[in-house]
Amino acid sequence: KNLCFVNLSRSLLFFSLQTFEKLLIANRGEIACRVIKTCKKMGIKTVAIYSDVDANAVHVKMADEAVCVGPAPTSKSYLNMDAIMEVIKKTRAQAVSLNGSICCSFISLFSLQASEGVTFIGPDTHAIQAMGDKIESKLLAKNAKVNTIPGFDGVVKDADEAVRIAREIGYPVMIKASAGGGGKGMRIAWDDEETREGFRFSSQEAASSFGDDRLLIEKFIDNPRHIEIQVCIVLADKHGNALWLNERECSIQRRNQKVVEEAPSTFLDPETRRAMGEQAVALAKAVKYSSAGTVEFLVDSSKNFYFLEMNTRLQVEHPVTECITGLDLVQEMIRVAKGYPLRHKQADIPINGWAVECRVYAEDPYKSFGLPSIGKLSQYQEPLHVPSVRVDSGIQQGSDISIYYDPMISKLITYGSNRAEALKRMEEALDNYVIRGVAHNISLLREVIIHPRFVQGDISTKFLPEVYPDGFKGHKLTDLERRELLATAASLYVAEQLRSQQFLGTSRIPIAKSKRSSWELSVRLGDGIYPVAVSKDGLSFSVEVDGMKLNVTSEWNLASPLLSVTIDGTQRTIQRLSRNASGDTSIQFLGTVYKLQILTKVAAELSKYMPEKAAEDTSSILRSPMPGAVVAVSVKPGDMV
Numbered sequence: 001k002n003l004c005f006v007n008l009s010r011s012l013l014f015f016s017l018q019t020f021e022k023l024l025i026a027n028r029g030e031i032a033c034r035v036i037k038t039c040k041k042m043g044i045k046t047v048a049i050y051s052d053v054d055a056n057a058v059h060v061k062m063a064d065e066a067v068c069v070g071p072a073p074t075s076k077s078y079l080n081m082d083a084i085m086e087v088i089k090k091t092r093a094q095a096v097s098l099n100g101s102i103c104c105s106f107i108s109l110f111s112l113q114a115s116e117g118v119t120f121i122g123p124d125t126h127a128i129q130a131m132g133d134k135i136e137s138k139l140l141a142k143n144a145k146v147n148t149i150p151g152f153d154g155v156v157k158d159a160d161e162a163v164r165i166a167r168e169i170g171y172p173v174m175i176k177a178s179a180g181g182g183g184k185g186m187r188i189a190w191d192d193e194e195t196r197e198g199f200r201f202s203s204q205e206a207a208s209s210f211g212d213d214r215l216l217i218e219k220f221i222d223n224p225r226h227i228e229i230q231v232c233i234v235l236a237d238k239h240g241n242a243l244w245l246n247e248r249e250c251s252i253q254r255r256n257q258k259v260v261e262e263a264p265s266t267f268l269d270p271e272t273r274r275a276m277g278e279q280a281v282a283l284a285k286a287v288k289y290s291s292a293g294t295v296e297f298l299v300d301s302s303k304n305f306y307f308l309e310m311n312t313r314l315q316v317e318h319p320v321t322e323c324i325t326g327l328d329l330v331q332e333m334i335r336v337a338k339g340y341p342l343r344h345k346q347a348d349i350p351i352n353g354w355a356v357e358c359r360v361y362a363e364d365p366y367k368s369f370g371l372p373s374i375g376k377l378s379q380y381q382e383p384l385h386v387p388s389v390r391v392d393s394g395i396q397q398g399s400d401i402s403i404y405y406d407p408m409i410s411k412l413i414t415y416g417s418n419r420a421e422a423l424k425r426m427e428e429a430l431d432n433y434v435i436r437g438v439a440h441n442i443s444l445l446r447e448v449i450i451h452p453r454f455v456q457g458d459i460s461t462k463f464l465p466e467v468y469p470d471g472f473k474g475h476k477l478t479d480l481e482r483r484e485l486l487a488t489a490a491s492l493y494v495a496e497q498l499r500s501q502q503f504l505g506t507s508r509i510p511i512a513k514s515k516r517s518s519w520e521l522s523v524r525l526g527d528g529i530y531p532v533a534v535s536k537d538g539l540s541f542s543v544e545v546d547g548m549k550l551n552v553t554s555e556w557n558l559a560s561p562l563l564s565v566t567i568d569g570t571q572r573t574i575q576r577l578s579r580n581a582s583g584d585t586s587i588q589f590l591g592t593v594y595k596l597q598i599l600t601k602v603a604a605e606l607s608k609y610m611p612e613k614a615a616e617d618t619s620s621i622l623r624s625p626m627p628g629a630v631v632a633v634s635v636k637p638g639d640m641v
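Residue numbers (the UniProt record's numbering): 1 to 641.
Heads up, a few of these hints could be off.
Derived pair list, reagent style PhoX-like, types lysine-lysine, alpha-carbon separation capped at 20 angstroms [what the hints assert, rightly or not]: (1) K338 - K145; (2) K89 - K22; (3) K219 - K157; (4) K89 - K45; (5) K462 - K473; (6) K338 - K476; (7) K613 - K636; (8) K61 - K22; (9) K367 - K462; (10) K145 - K157; (11) K338 - K41; (12) K367 - K345; (13) K338 - K37; (14) K285 - K145; (15) K338 - K45; (16) K41 - K22; (17) K41 - K61; (18) K61 - K45; (19) K142 - K288; (20) K303 - K219; (21) K536 - K601; (22) K595 - K367; (23) K61 - K376; (24) K76 - K89; (25) K345 - K285; (26) K61 - K40; (27) K367 - K142; (28) K288 - K338; (29) K303 - K462; (30) K367 - K288.
Ranges between beta-carbon positions, derived for each pair [what the hints assert, rightly or not]: (31) L558 - M81: 47 to 57 angstroms; (32) I351 - K61: 35 to 45 angstroms; (33) Y171 - M610: 49 to 59 angstroms; (34) S560 - Y171: 36 to 46 angstroms; (35) P452 - S301: 12 to 22 angstroms; (36) G375 - V467: 41 to 51 angstroms; (37) L558 - A533: 20 to 30 angstroms; (38) D537 - P469: 40 to 50 angstroms; (39) G375 - I621: 17 to 27 angstroms; (40) P469 - M610: 49 to 59 angstroms.
Everything labelled a hint here was simulated from the structure, so no lab data went into it. The beta carbon of each residue, even a glycine, is placed where N, CA and C say it ideally should be.
Based on the sequences and whatever the hints tell you, model everything.
Right, dumping it as structure tokens:
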């Protein structure tokens with residue numbers, strides 16, 4: 001069975017190999033929950049740490065023990081080394097797992113742990129320090145004969161030097177935080193002015209996110225693919241085993257942060273795959289790497305590939321690798337940390353089927369492809385009833401999405417025997433995902449995976465701005481889809497009118513029994529107003545729109561957040577998000593939320609006499625597009641703007 005969908009239950013070997021009795025997880029969210037799941041299978045007790053705002057978080061409830069390490073800001077809690085050391089001593093944890101983008105902040109912690117007999121689940125201090133620093137890692141990659149991007153190999157001192165270096169390299173250039181990751185502290189500059197501005201903002205963001213404001217500059221490779229190789233390696237002076245676990249395609253990005261990932265890549269041939277894998281292993285050996293890690297490459301249209309960075313941790317997108325190889329990467333990391341050799345040879349590593357991962361964020365995709373949203377998840381239901389679906393999450397109904405941490409809701413993974421099957425299941429899973437209370441990017445994810453370019457594998461890191469040059473606007477309805485939406489909305493309206501005549505499942509006793517079986521409605525969608533005629537026949541409605549009749553069938557369970565509707569033989573899963581007495585309703589259809597107004601023909605004729613609410617005058621208001629902190633004010637009183 002594929003490990004991706006048996007809840008990590010394959011290994012009875014977990015209990016026959018002694019590893020650790022208790023493991024502390026110095027992280028939060030979905031990755032902490034992921035580690036806890038494997039630890040439970042291995043019989044390892046877990047200790048969670050949390051900030052005061054995370055007291056009711058899922059990872060806290062899942063762990064055997066949990067200790068608060070400070071207030072909400074990460075620098076005072078999840079990056080508070082002294083507090084975490086106290087928890088290690090207090091709970092007598094034998095091992096510590098970070099598995100996040102915070103490893104470089106804990107170099108001194110790792111050294112102290114080693115002196116006190118505490119094992120770190122991951123590579124040693126030297127590898128973390130070397131690969132966590134983009135400047136040093138690039139020099140090491142060159143020495144290991146790994147293809148690298150042209151650029152300046154030292155630390156950029158100030159904005160003037162940044163401009164000089166950028167001119168020498170040639171525009172455009174990429175300004176990067178040396179200790180960065182996750183797209184933070186990165187700016188593309190096309191001229192001197194953008195270089196100066198990019199240096200200032202990147203150094204501020206780097207200092208805030210990583211406690212290290214050092215920057216480097218390299219040539220910006222225009223229109224590349226982002227492909228990475230998962231590496232799992234044991235030190236040569238221990239057992240001499242090394243593996244590369246195939247590639248992941250991560251080219252769909254916004255703001256240099258991945259949105260959709262898949263394994264394998266549609267672009268690589270076996271020869272290029274092998275060459276990339278061998279260079280990834282060579283780099284890992286060069287730094288005496290001893291855990292699961294990821295070497296990232298940029299690949300151009302001619303399949304030339306260049307080293308980007310190495311991540312010394314369990315990547316967010318690791319589930320797609322687990323799906324196609326059948327390996328539990330967390331288990332492998334724990335076994336390697338204990339000193340056991342890898343159980344597999346390179347020839348044993350398969351590519352079985354295809355896996356796709358969508359990062360589901362609490363973000364508004366209509367603003368720069370995703371600006372963060374905050375709030376409480378008033379309703380939350382994962383699509384686990386859909387076949388071959390895996391959801392890695394660290395939240396539940398009632399959880400708060402706050403300003404303090406990454407707005408990720410979950411990683412949604414689907415698996416199939418081939419790419420088309422995996423994508424079809426992803427489409428179904430996105431339609432069946434219920435998220436209420438915050439804005440989310442389901443609509444963008446669904447549009448990406450059904451876009452002809454994506455389906456054909458014609459993608460690059462510029463996919464989103466090229467496909468949506470004016471920004472994402474949601475799904476554009478075809479005439480048939482518009483009629484389906486209008487017919488479904490009208491049928492929902494009538495079904496609700498009929499339900500309102502029922503009391504405890506029994507018809508009320510009217511003075512004159514109603515035999516009404518047809519309705520004439522007016523439905524507003526966007527700028528259009530459409531006459532719609534509905535007639536009822538059992539559980540089905542015959543709906544006339546634009547002179548065409550459609551048959552709409554459903555069980556009409558109006559209390560369910562999901563409604564399966566069949567329209568002329570085509571099954572659709574819709575969600576009705578809101579409605580009011582004025583006939584306004586919001587329906588999620590094909591991933592996008594549409595606002596409609598449904599009125600009877602008489603009410604529609606009278607509505608023209610209703611006063612319209614005046615639009616708010618916002619001419620003197622400056623609104624932030626997202627929650628956050630003001631980091632710079634670029635004007636002062638007296639300036640002309």
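Against the structure, the hints come out as follows:
no.	hint	in the structure
1	K338 - K145	violated, 31 angstroms
2	K89 - K22	holds, 12 angstroms
3	K219 - K157	holds, 18 angstroms
4	K89 - K45	holds, 15 angstroms
5	K462 - K473	holds, 17 angstroms
6	K338 - K476	violated, 54 angstroms
7	K613 - K636	violated, 37 angstroms
8	K61 - K22	holds, 16 angstroms
9	K367 - K462	holds, 17 angstroms
10	K145 - K157	violated, 28 angstroms
11	K338 - K41	holds, 16 angstroms
12	K367 - K345	violated, 46 angstroms
13	K338 - K37	holds, 18 angstroms
14	K285 - K145	holds, 12 angstroms
15	K338 - K45	holds, 16 angstroms
16	K41 - K22	holds, 13 angstroms
17	K41 - K61	holds, 17 angstroms
18	K61 - K45	holds, 13 angstroms
19	K142 - K288	holds, 16 angstroms
20	K303 - K219	holds, 18 angstroms
21	K536 - K601	holds, 17 angstroms
22	K595 - K367	holds, 18 angstroms
23	K61 - K376	holds, 18 angstroms
24	K76 - K89	holds, 19 angstroms
25	K345 - K285	holds, 16 angstroms
26	K61 - K40	holds, 13 angstroms
27	K367 - K142	violated, 39 angstroms
28	K288 - K338	holds, 16 angstroms
29	K303 - K462	holds, 17 angstroms
30	K367 - K288	violated, 43 angstroms
31	L558 - M81: 47 to 57 angstroms	holds, 53 angstroms
32	I351 - K61: 35 to 45 angstroms	holds, 36 angstroms
33	Y171 - M610: 49 to 59 angstroms	holds, 57 angstroms
34	S560 - Y171: 36 to 46 angstroms	violated, 55 angstroms
35	P452 - S301: 12 to 22 angstroms	holds, 19 angstroms
36	G375 - V467: 41 to 51 angstroms	violated, 29 angstroms
37	L558 - A533: 20 to 30 angstroms	holds, 22 angstroms
38	D537 - P469: 40 to 50 angstroms	holds, 46 angstroms
39	G375 - I621: 17 to 27 angstroms	holds, 22 angstroms
40	P469 - M610: 49 to 59 angstroms	violated, 39 angstroms
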